[in-house]
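Residues in the sequence shown are numbered consecutively from 0, following numbering that gives the first Met the number 0.
No wet-lab data here; the hints were simulated from the structure. There may be inaccurate statements among the hints.
As the list claims (entries may be wrong) - Cβ pair distances, simulated, as ranges:
(1) P79 to R149: 16 to 26 Å
(2) D77 to R150: 14 to 24 Å
(3) T159 to A97: 35 to 45 Å
(4) V165 to D89: 34 to 44 Å
Glycine residues also receive a C-beta, built at the ideal position from the N, C-alpha and C atoms.
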Amino acid sequence: MVGRIILYIAASVDGFIADEDGGVEWLEEFDDGASDGYEAFFADVDCLVVGSNTYEQIRSFGEWPYEDRPAYVLTRRDLPRATDAVEFYDGNVTDLSAELDQQYDRIWLVGGARLARSFLRANQIDDLRLSIVPILLGDGISLFDGSGDRRRLHHLETETRESGIVELRYEVSPH
Numbered sequence: 000m001v002g003r004i005i006l007y008i009a010a011s012v013d014g015f016i017a018d019e020d021g022g023v024e025w026l027e028e029f030d031d032g033a034s035d036g037y038e039a040f041f042a043d044v045d046c047l048v049v050g051s052n053t054y055e056q057i058r059s060f061g062e063w064p065y066e067d068r069p070a071y072v073l074t075r076r077d078l079p080r081a082t083d084a085v086e087f088y089d090g091n092v093t094d095l096s097a098e099l100d101q102q103y104d105r106i107w108l109v110g111g112a113r114l115a116r117s118f119l120r121a122n123q124i125d126d127l128r129l130s131i132v133p134i135l136l137g138d139g140i141s142l143f144d145g146s147g148d149r150r151r152l153h154h155l156e157t158e159t160r161e162s163g164i165v166e167l168r169y170e171v172s173p174h
């Protein structure tokens with residue numbers, strides 16, 4: 000089995016995935032059917048990989064939304080476990096990717112930005128699904144910080160939602 004690691008994430012038109020305080024409340028006004036694409040995507044996800052800050056933010060929303068799907072949280076901190084399906088990992092992303100590729104078909108990188116950048120730098124992202132949200136935040140947490148290598152993307156599909164959200168789907172070429 001060779002898994003596919005997919006970064007599926009939303010960003011503002013100016014490239015931010017969260018506001019300057021790490022908040023994503025601005026996404027709520029665009030929840031008009033964008034969830035249809037998410038639900039179809041999530042139905043095929045076998046496993047999740049989550050950065051520690053994103054994990055804590057998700058936990059703060061209340062009930063763990065990812066059911067019993069295995070979730071690996073990259074952290075060096077001692078965090079409470081949301082469910083028995085959550086595992087904490089403090090090794091390197093290449094080793095984790097190799098391990099997950101052997102166990103799962105579709106692996107979702109939930110976020111955040113540091114997680115996405117580390118997987119991209121390690122050449123461990125196969126697909127990028129980027130939902131561009133029609134808002135300019137002006138400041139916040141940038142998805143890509145410009146410190147990585149140039150990477151060619153192969154366009155797979157573009158879908159525009161009624162809300163103006165544009166979902167771009169790419170295959171990420173190794174460098």
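Consistency of the hints with the structure:
P79 and R149 have their C-beta atoms about 40 Å apart, which leaves the hinted 16 to 26 Å range violated. Distance hint for D77 and R150: a CB-CB separation of about 34 Å, inconsistent with the stated range 14 to 24 Å. T159 and A97 have their C-beta atoms about 36 Å apart, which keeps the hinted 35 to 45 Å range intact. Separation of V165 from D89 is about 36 Å and conforms to the stated range, judged on CB atoms against 34 to 44 Å.
Hint compliance for this structure: hints 1, 2 are broken, all remaining hints hold.
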